[in-house]
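*Asks:* Here the protein sequences line up with chains A and B, keeping their order.
The numbering of the first sequence is the numbering used here, which starts it at 474 and goes up by one.
The numbering of the second sequence is the numbering used here, which starts it at 474 and goes up by one.
FYI, nobody ran anything at the bench for these hints, they're computed from the structure.
Errors might be hidden in some of the hints.
Note: identical chains are not told apart, hence a pair may lie in one copy or across any two.
What the hints assert, rightly or not - Subject to a maximum C-alpha distance of 25 Å in a straight line, what follows is the list of computed DSS-like cross-link-like pairs (lysine-lysine): (1) K524 / K534; (2) K607 / K524; (3) K510 / K607; (4) K510 / K534.
There are 2 protein chains.
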Amino acid sequence: MQSRTPASRAGRPRSAAADTAILAATREALVELGWSKLTLGDVATRAGVAKTTLYRRWAGKNELVVDAVAELFDELRLPDCGTLAADIEGVVLQYAAILARPEAKSGLMSVVAESIRDEALRERIRASIVERQKRLVLEGRARAQQRGELPPESDPEEAARTVDLIFDVVAGAVVHRTLVSAEPADEEWVRSFARILLFGLAGAGEDHDAAPTPEGRS
Amino acid sequence: MQSRTPASRAGRPRSAAADTAILAATREALVELGWSKLTLGDVATRAGVAKTTLYRRWAGKNELVVDAVAELFDELRLPDCGTLAADIEGVVLQYAAILARPEAKSGLMSVVAESIRDEALRERIRASIVERQKRLVLEGRARAQQRGELPPESDPEEAARTVDLIFDVVAGAVVHRTLVSAEPADEEWVRSFARILLFGLAGAGEDHDAAPTPEGRS
DNA sequence: CCATTACGCTACGACTCGTAGCGAAAGCGC
DNA sequence: GCGCTTTCGCTACGAGTCGTAGCGTAATGG
Chain A
474 MQSRTPASRA GRPRSAAADT AILAATREAL VELGWSKLTL GDVATRAGVA
524 KTTLYRRWAG KNELVVDAVA ELFDELRLPD CGTLAADIEG VVLQYAAILA
574 RPEAKSGLMS VVAESIRDEA LRERIRASIV ERQKRLVLEG RARAQQRGEL
624 PPESDPEEAA RTVDLIFDVV AGAVVHRTLV SAEPADEEWV RSFARILLFG
674 LAGAGEDHDA APTPEGRS
Chain B
474 MQSRTPASRA GRPRSAAADT AILAATREAL VELGWSKLTL GDVATRAGVA
524 KTTLYRRWAG KNELVVDAVA ELFDELRLPD CGTLAADIEG VVLQYAAILA
574 RPEAKSGLMS VVAESIRDEA LRERIRASIV ERQKRLVLEG RARAQQRGEL
624 PPESDPEEAA RTVDLIFDVV AGAVVHRTLV SAEPADEEWV RSFARILLFG
674 LAGAGEDHDA APTPEGRS
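Between the sequences and the hints, there should be enough to build the whole structure, so can you do that?
*Replies:* Laid out in structure tokens, this is it:
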């Protein structure tokens with residue numbers, strides 16, 4: 474019956490201050506050393522705790538970095554700018570700003586790479602990082618449909634697939650731009666990207682500052 | 474580099490067979506062990522060469538894996554299917570098939586992550602992997618413009634930016650789908666992606682061919 | 001035949017890993 | 001207050017990997 478009293482177990486409680494210190498030290502070490510040269514002993518020294526304390530709370534380097542990086546995405550919010558295009562640009566700019574930080578660059582790609590051969594790690598990433606981002610897509614899409622900017626969904630299963638697709642396109646494009654092409658996803662780039670996402674390759678070259686045309690439905 | 478056979482330096486030449494054996498052994502080790510548990514000593518044993526031979530040819534694990542993974546992308550070709558949509562679907566399916574292989578999953582993401590803090594490594598990746606992919610986008614785009622499916626370019630600098638953008642969108646979406654969402658980029662997904670890429674979010678919900686088409690899902 | 005380079009092999013110090021053991025500290029129930 | 005329980009800091013340890021040096025041998029060009 475220990476399902477009760479989850480917080481009042483007898484014994485000395487874990488220091489919450491140590492948690493935040495360790496995660497902050499992890500991000501600091503990611504910036505200075507990068508993923509490969511980051512050692513748990515170094516993180517422990519930076520955080521002012523013993524190395525054994527780290528191993529008591531996290532299974533290893535992977536899980537620790539996931540938690541440290543996940544906190545970076547807490548600030549991600551969906552703006553309400555009035556139009557779908559503006560909402561997309563706003564959230565993508567936020568996402569790009571987070572990915573521009575060196576601790577995100579160094580950490581995120583590495584743990585995702587590790588997660589390929591570690592199912593539990595992938596689930597941890599999904600739950601603490603990916604799912605929240607996908608929720609933004611879902612919310613923004615629903616909002617656009619309410620405004621009439623996007624056609625409403627008929628099949629809910631089809632809608633879920635579409636949200637997954639959009640999420641992979643948006644997040645993938647920003648990640649690829651930032652980490653592979655290694656160039657900034659600045660306002661100009663985001664504007665071009667949003668234009669292609671909304672109107673496609675064919676419509677990208679046309680006039681697009683005007684209000685949403687009643688679309689000749691070609 | 475030595476394509477000119479510069480005066481044919483005296484001494485015993487490097488075994489070309491050893492090169493291919495080492496790269497094959499690297500891919501094999503990537504499949505079985507993944508990036509983090511891959512050691513150069515193990516690769517040397519698999520390839521049947523001495524560990525010192527590895528260090529004489531490659532600076533370290535990063536460079537070795539880049540070369541091993543780069544060979545996977547040699548088979549990438551741009552199909553000529555007659556329409557831009559079909560060309561996109563064809564090349565994306567090829568790219569997805571390569572990324573589905575475990576040695577590509579394990580290796581590519583890890584070396585890209587390492588390249589964030591290693592300028593020389595990033596350049597090596599760009600030259601041997603990324604640039605060839607970008608060329609496919611350039612070629613496909615030119616072909617589509619010739620067919621009249623896309624408007625011709627006016628400003629060449631603007632055109633370069635557009636190609637970079639499309640490349641990040643396409644490659645990023647496939648990579649994110651395969652490695653982050655960890656779901657297959659199969660024909661159905663590729664078809665949906667190509668539709669969004671061509672017509673945008675607004676046009677994607679319309680009935681292009683999703684209606685009761687007798688098209689048997691092969 | 002000789003200079004030059006690559007190869008296989010062994011050995012080495014330096015480093016990190018993850019764990020075990022110990023005494024001390026900090027809460028909770030009584 | 002008094003015990004019980006859990007956490008913490010610290011030290012030490014075997015195991016494993018790293019990258020390099022040294023040596024003798026094999027292969028090629030002049």
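*Asks:* Are there hints from earlier that the structure breaks, and if so, what are their numbers?
*Replies:* Failing hints, ascending: 2 and 3.
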